[in-house]
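Visitor: Dock chain B against the given chain A, drawing on the hints supplied.
Here the protein sequences line up with chains A and B, keeping their order. Here the first sequence is numbered in this note's numbering, starting from 34 and rising by one per residue. Here the second sequence is numbered in this note's numbering, starting from 34 and rising by one per residue.
In short, the hints are calculated from the structure, not lab data. Where hints are given, some of them may not hold.
Any copy will do: because identical chains look the same in the list, a pair fits if it lies in one copy or spans two.
[Stated by the list, open to error] Simulated crosslink set (DSSO-like; lysine-lysine; CA at most 27 Å straight-line): (1) Lys445 - Lys269; (2) Lys95 - Lys240; (3) Lys285 - Lys316.
Protein chains: 2
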Amino acid sequence: MPRKNAFYAQSGGVTAVINASACGVIETARKHRDKIGKVYAGRNGIIGALREELIDTSKESKSAIHGLLTTPSGAFGSCRHKLKSVSENRAEYERLIDVFKAHNIGYFFYNGGGDSADTCLKVSQLSESLGYPIQAIHVPKTIDNDLPLTDNCPGFGSVAKYIAISTREAALDVASMCETSTKVFILEVMGRHAGWIAAAGGLAAEKEGDAPHIILFPEIPFDRKKFIARARRAVKQHGYCVVVASEGTQTKDGRFLAESGLKDAFGHSQLGGLAPLLAQMIKDETGYKYHWAVADYLQRSARHIASQTDVDQAYALGEAAVELAVKGENAVMPCIVRGKGKRYRWSIGTAPLDAVANVEKMMPRNYITRDGFGITDLGRAYLAPLIQGEAYPDYKNGMPRYTTLKNEMVPKKLKKTFKV
Amino acid sequence: MPRKNAFYAQSGGVTAVINASACGVIETARKHRDKIGKVYAGRNGIIGALREELIDTSKESKSAIHGLLTTPSGAFGSCRHKLKSVSENRAEYERLIDVFKAHNIGYFFYNGGGDSADTCLKVSQLSESLGYPIQAIHVPKTIDNDLPLTDNCPGFGSVAKYIAISTREAALDVASMCETSTKVFILEVMGRHAGWIAAAGGLAAEKEGDAPHIILFPEIPFDRKKFIARARRAVKQHGYCVVVASEGTQTKDGRFLAESGLKDAFGHSQLGGLAPLLAQMIKDETGYKYHWAVADYLQRSARHIASQTDVDQAYALGEAAVELAVKGENAVMPCIVRGKGKRYRWSIGTAPLDAVANVEKMMPRNYITRDGFGITDLGRAYLAPLIQGEAYPDYKNGMPRYTTLKNEMVPKKLKKTFKV
Chain A
34 MPRKNAFYAQ SGGVTAVINA SACGVIETAR KHRDKIGKVY AGRNGIIGAL REELIDTSKE
94 SKSAIHGLLT TPSGAFGSCR HKLKSVSENR AEYERLIDVF KAHNIGYFFY NGGGDSADTC
154 LKVSQLSESL GYPIQAIHVP KTIDNDLPLT DNCPGFGSVA KYIAISTREA ALDVASMCET
214 STKVFILEVM GRHAGWIAAA GGLAAEKEGD APHIILFPEI PFDRKKFIAR ARRAVKQHGY
274 CVVVASEGTQ TKDGRFLAES GLKDAFGHSQ LGGLAPLLAQ MIKDETGYKY HWAVADYLQR
334 SARHIASQTD VDQAYALGEA AVELAVKGEN AVMPCIVRGK GKRYRWSIGT APLDAVANVE
394 KMMPRNYITR DGFGITDLGR AYLAPLIQGE AYPDYKNGMP RYTTLKNEMV PKKLKKTFKV
Chain B
34 MPRKNAFYAQ SGGVTAVINA SACGVIETAR KHRDKIGKVY AGRNGIIGAL REELIDTSKE
94 SKSAIHGLLT TPSGAFGSCR HKLKSVSENR AEYERLIDVF KAHNIGYFFY NGGGDSADTC
154 LKVSQLSESL GYPIQAIHVP KTIDNDLPLT DNCPGFGSVA KYIAISTREA ALDVASMCET
214 STKVFILEVM GRHAGWIAAA GGLAAEKEGD APHIILFPEI PFDRKKFIAR ARRAVKQHGY
274 CVVVASEGTQ TKDGRFLAES GLKDAFGHSQ LGGLAPLLAQ MIKDETGYKY HWAVADYLQR
334 SARHIASQTD VDQAYALGEA AVELAVKGEN AVMPCIVRGK GKRYRWSIGT APLDAVANVE
394 KMMPRNYITR DGFGITDLGR AYLAPLIQGE AYPDYKNGMP RYTTLKNEMV PKKLKKTFKV
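Same shape as in the complex, but just chain A (with noise of 0.2 Å):
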């Protein structure tokens, strides 16, 4: 088998270990120099393949490749481009493959979540019919830890601790003050469809009445006159509540609460979150007084406090996704699968490309409370593993040493544009 170039290329929503798979995946084909040439990164994702702007990895030393280990977000750029389907815009799909052709490209490794599992195996399909077969490695990414066939996601494990500690930390606070100031402080999370990562908020609590108090999950519809009550109950036993809100908490009828038609002055829809409106709630109800934080981005690109299973996660199923690709796998994604037992094991199996693509995995119902307001036993034993370890960045100056690549451009050999 004559050698042949890999392409990789980040996707979606990128967060603190994706890099690492990164780091896996170039520092393994590095390895198989007899297999795979050169790693091309796509230059923000799917969309460098498109428009032919692909980065050499090679140009970069090994102590830069190595740096991705401990750098956030995505080191070549990512971006939210789901590829239409085939009969809808056919042309991406061959403009895909002229690019590969041109550039000697026959591995493809896709780092993200259930869309591009399913670009990821499209392109495997496509480009069999069309005379150029590509082997297609989907590597799994996505803080929502919503993807089938696998144990969990890369890039979950660090958000949930990030949220973990953030809300034992702010907990602190609140327990301190509370006499005379702030009674409920809510901390609203990502998670637009599923609960994880407000899941993840309960592992703050160590023992019956720490916060956080109340969970709001996407899955368990919104009560108000329960969350108030129970808010009142928490006030009253502890001196404070605290709240861990999933951006995604809906009404009973499915619409999103933090996009519940309230208007400003000036007719513009809610500009806040689901934060400021829960904590309008609770004034509205009780006159307690608030606060209440958004951790946006933060929380995803928190690298200083990463889970270190998830920074070996990460870095594993890079390295996984090109052993499959030396043995000639196609059409398949590494996963992480855990073993039986009371202590946590974790190894790598694999996955075929077509059960996992466009399937969302949800939070089972028995890791809620029957009250929905928190997290079960079985609940807490699936996501306590996933937040193990501190796998911390190196230092200078007092901030964290993130390492930023050359991304030097491979020369264009097509003529034809792509316009994306």
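Guide: Then chain B, alone, in the frame of chain A:
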């Protein structure tokens, strides 16, 4: 001199390192058993003294007290209770002295900001005139960094570190996604009157063009046109724009921007903070996709990434307060003195309380760039040393091991109760 007990109280908004000062006070007092009996801590700050709710710290083990060094927030509780002037509420001061007398308290260590420096001074003065002289020592603490006569304030360095790191991390996230997604990211930080914390966001930048591209200070009147123009320029030049905005950002006529009279459909005042308001402004004027975060309590409780310099100084000031008391000092505050020369050095000095109380130290104008949107090299030189070193807490099961004290109460001796 007969042995007297000491009273220690935490005042106002808590920080990541106020317990480190408590640790310094208690550990040092335990070394001076010949002069200092027990250290009683006010439950929820000064109102603990008024209510005769004293915590007996002698019941805590050596390791529990040492654990305070790595535990954020106020271990004994804090409060926002400003004592009125003596003429307005002499009863409160007399009550304090009664409680101190009943419990043989001769030392008053008050750990707080400008208001508590004032209270501390008054207690010293009034106790003298009431014939039960108390040595009152103020231990500085405030994330706002606005106390005079000390080079900086414990609590600030850790917030500064957190904000600088979070800004850099979120900026990497936005930079990698901006081609197809978010172009403007706004991080709202604390600081109602002084822009020290917002300024710390500037430490995220290492070279020209790095984020943050815009810092909004309370000291610089907000100019909508200039703000929008600057955001546009950053997006054009770099593809994205990161804004660090002080919650205290004001209009030219001194009104907080976040309280600018906006109402929602129900007539409620603006729910959100400054960040969503700025985001909407960006959206209206430019159409750029935005995201925003409000760090709120997360920033001041983030012990997981505290500045080692800050922790060291917080401890040293607690220690110095006790040493000053033992030497017979009164109505003073130990403070941080910055050494001369290029290499950062600090030592402990002493400031008289009458020069500290009720004086606010604002950001010097020459720490802010001429255009009002950034920090100068001078500002950077002041700020950078304060975030040096990472004072990591210990971890267990992936979570920081923060100390919870027993907080056993001292039996009450007074018959009278006092309503606070």
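Visitor: Hint by hint, work out which the structure violates, then give me just those numbers in ascending order.
Guide: When the structure is compared with the hints, none of them turns out to be violated.
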